[in-house]
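Could you put the whole structure together from the sequences, leaning on the hints where they help?
If you're matching them up, the sequences are chains L and D in order.
Numbered as in my numbering, the first sequence ends at 362 without a single skipped number.
Numbered as in my numbering, the second sequence ends at 362 without a single skipped number.
Keep in mind that the hints are not guaranteed to be accurate.
[Stated by the list, open to error] Selected chain D positions facing chain L (Cβ under 7 Å, derived; list incomplete): (1) T8; (2) D10; (3) P12; (4) Q15; (5) G37; (6) R70; (7) W71; (8) Q75; (9) A160; (10) F167; (11) G204; (12) L341.
Please keep in mind that the hints were generated in silico from the structure rather than gathered at the bench.
For glycine and all other residues, C-beta sits at the position ideal for the given N, C-alpha and C.
There are 2 protein chains.
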Amino acid sequence: MVERRRLTNDGPLVQELEAQLAAYHGVHHCIALANAGLGLIMLMQIFSGGRQGEVVMPAFTFRGLPHFARWAGQQPRFADIDLNTQTLSPVAVEAAISERTTAILAVCNFNSPGDIDGLAEVAARHDLPLFFDSVYGVGTAYRGRRLGSFGRAEVFSLHATKLINGFEGGYVTTNDAPLARQLRYQRNFCYGAEGDCSADMLIGLNAKLNEPHAAMALLSLARIDETIGANGARFEEYATACAGIPGLRLLGHPVPDGEPRNYSLVVAELAPPWPLDRDLTLALLRAEGLAISAYYSPPLNRDWPDPPAHLPVTEILASRFLQLPAGHLVSRGDIEAIGALLRFLARHGPSIRAALAEERTP
Amino acid sequence: MVERRRLTNDGPLVQELEAQLAAYHGVHHCIALANAGLGLIMLMQIFSGGRQGEVVMPAFTFRGLPHFARWAGQQPRFADIDLNTQTLSPVAVEAAISERTTAILAVCNFNSPGDIDGLAEVAARHDLPLFFDSVYGVGTAYRGRRLGSFGRAEVFSLHATKLINGFEGGYVTTNDAPLARQLRYQRNFCYGAEGDCSADMLIGLNAKLNEPHAAMALLSLARIDETIGANGARFEEYATACAGIPGLRLLGHPVPDGEPRNYSLVVAELAPPWPLDRDLTLALLRAEGLAISAYYSPPLNRDWPDPPAHLPVTEILASRFLQLPAGHLVSRGDIEAIGALLRFLARHGPSIRAALAEERTP
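Next comes the structure, spelled out in structure tokens:
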């Protein structure tokens with residue numbers, strides 16, 4: 001990179017990364033970007049054709065999504081999710097579609113890509129573009145086909161915390177050649193676009209990925225099977241450490257459909273007879289020093305209340321999940337200690353609750 | 001960076017870079033960003049308060065600016081420039097202000113920061129935020145004060161082709177503490193923002209700079225005086241090589257106000273008695289193998305014709321300038337050869353024109 005004096009602006013490492021990612025995802029086009037969020041923004045802008053409208057999306061997801069819609073001149077329109085996959089429900093999506101809808105943004109979770117066929121059917125019936133935030137779906141599959149070529153486009157991340165680490169970065173995959181061309185113009189200030197960008201309602205941005213990111217991502221991509229394998233082994237250790245704890249279930253265990261998973265997250269679902277509410281459980285585990293958080297909670301409609309959304313499944317699930325420590329810095333000993341802590345809470349939850357209530361009584 | 005396992009998300013190298021850049025620019029706050037364009041977008045969004053309106057800007061500048069306005073929900077409103085500084089004319093800016101105006105975006109060129117006091121007076125009279133695209137003004141000064149603390153904010157670039165090379169990247173400087181805080185929230189998805197981002201009309205983005213960029217930019221910043229010195233020496237070589245060529249003048253030579261310049265660009269102005277029009281001159285020099293381009297031409301109002309803008313000075317200047325090869329890969333021999341070529345064109349222009357006209361006659 002240094003010897004070539006090519007540091008950015010669609011350099012050879014970026015092109016190599018795009019070719020390898022396209023091959024990995026089994027898709028014709030990969031457009032590397034400075035980050036995944038910019039990819040979501042660009043797609044929403046292109047799909048809107050410059051019209052101000054609404055993008056249908058889940059509220060049980062990453063908090064950036066409604067912000068990204070706003071940059072593209074769109075309002076988020078939240079639709080409810082499925083209880084089992086925690087992804088958009090096609091029925092709920094169809095109910096959320098109106099004349100203002102410009103696109104459907106579905107999210108593929110780490111444990112399930114969701115009902116892609118059901119969503120595609122709704123999108124086709126309403127002649128709307130369907131695309132995916134597949135950031136947590138890298139390496140997973142739907143009906144035997146690896147994610148990357150579904151819908152009009154899919155968006156992935158190269159953030160340092162993701163499976164393919166490019167420091168920061170992201171990319172869009174698509175089989176739609178005109179869309180790929182538009183994204184390439186758009187990520188580089190519309191330079192080289194034929195005709196008048198403003199007449200085409202194509203708005204340019206600097207969303208270029210550069211060579212150091214591509215170099216790092218190429219190294220990381222070369223090891224992805226190894227990374228997923230190690231994640232899977234840790235996941236099995238979690239499953240062993242948590243086996244038989246009443247009221248606690250690890251999301252995606254066992255894998256219900258036999259499809260490959262990436263085990264990039266470890267999320268525990270708490271439900272009766274788990275003796276404590278989720279937020280108290282979280283506070284107690286944090287007090288023990290665990291780097292732990294709620295999973296997609298609170299749901300996004302709390303911060304974006306207008307128009308009001310009726311999301312009963314989202315509301316239930318947003319209070320149920322704990323995101324446990326994952327990744328190669330977590331040792332078998334850590335996992336066993338976490339399992340023992342969770343087992344302790346399950347057993348002593350009622351007396352902890354009673355002691356806390358007593359303490360609060362004046 | 002690798003030993004610390006801190007690759008991004010406001011790491012210690014980014015914080016060090018921000019501190020050093022704030023000191024360099026003599027300003028309280030520096031917010032490092034993934035690129036300068038995102039900084040301009042974020043500022044326009046914040047200044048708009050969520051209102052759709054217009055940002056007054058020059059048409060004689062980088063072609064990304066009107067695109068950036070659109071991402072922020074704004075329309076570009078072009079104002080004419082001053083003949084001598086090629087920067088926004090305060091009189092023209094005042095004429096372009098309307099009820100729809102949300103901000104004034106002035107551009108500081110490499111050869112002049114423009115009439116900052118005049119613009120500030122207009123902005124104050126209309127109670128509008130004034131901010132600067134100072135990408136080409138790094139290291140230059142206005143009335144004895146280095147750029148970085150003028151207006152509400154200034155935006156700089158860390159692109160590989162700029163004076164401070166961070167591969168890609170950019171930053172905003174400001175003395176406005178609440179604005180700095182908003183930008184920090186905004187660049188990181190609004191994480192940590194108190195209250196409701198959507199009620200504050202603050203839209204979150206991923207615009208983070210990461211550690212490898214900061215490392216590179218720190219090395220480059222440490223050498224900025226040396227870089228500017230070498231640029232200045234090459235500029236003097238250009239001045240010598242072009243001395244006395246009729247109808248050709250190097251922009252910013254001699255420096256009219258005695259302020260420090262960065263010599264990051266070498267731009268030649270062609271005017272009578274120069275014998276050829278600018279585009280033909282460009283074509284002839286390219287045919288000789290020169291990596292050369294027009295400077296801010298065509299003006300941006302050609303691509304953004306609505307509403308029509310009356311920009312007589314812009315139209316004159318957009319057909320006058322040649323951007324000559326600059327930077328440390330350009331040798332003294334290159335510069336002498338370029339000077340000789342320009343001198344040849346000045347002498348033989350009339351006969352070249354005649355020969356071309358003859359060739360075109362059927």
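Hint-by-hint comparison with the structure:
Evaluation of the D:T8 hint against chain L yields a held restraint, the C-beta minimum of about 5 Å falling below 7 Å. Interface hint at D:D10: violated, since its Cβ lies 12 Å from the closest Cβ of chain L, which is beyond the 7 Å cut-off. A least Cβ separation of about 14 Å between D:P12 and chain L goes past the 7 Å threshold, and the interface hint is therefore violated. For D:Q15, the interface hint is violated, the least distance from its beta-carbon to any beta-carbon of chain L being 16 Å, above 7 Å.
About 4 Å separates the beta-carbon of D:G37 from the nearest beta-carbon of chain L, less than 7 Å, and the hint is met. A distance limit of 7 Å between C-beta atoms decides the matter here; for D:R70 the minimum to chain L is near 5 Å, and the interface restraint holds. For the restraint placing D:W71 at the interface with chain L, the shortest Cβ-Cβ distance is roughly 6 Å, inside the 7 Å limit, so the hint holds. Look at D:Q75: its Cβ only gets to about 10 Å from chain L, farther than 7 Å, so that hint breaks.
Of the supplied interface hints, the one on D:A160 holds, with its beta-carbon coming within about 4 Å of a beta-carbon of chain L, less than 7 Å. Because the beta carbon of D:F167 sits about 5 Å from the nearest beta carbon in chain L, less than 7 Å, this interface hint is met. Hint status for D:G204: holds, given a least beta-carbon distance of 4 Å to chain L, under 7 Å. Evaluation of the D:L341 hint against chain L yields a violated restraint, the C-beta minimum of about 25 Å exceeding 7 Å.
Of the numbered hints stated above, those contradicted by the structure are hints 2, 3, 4, 8 and 12, listed in ascending order.
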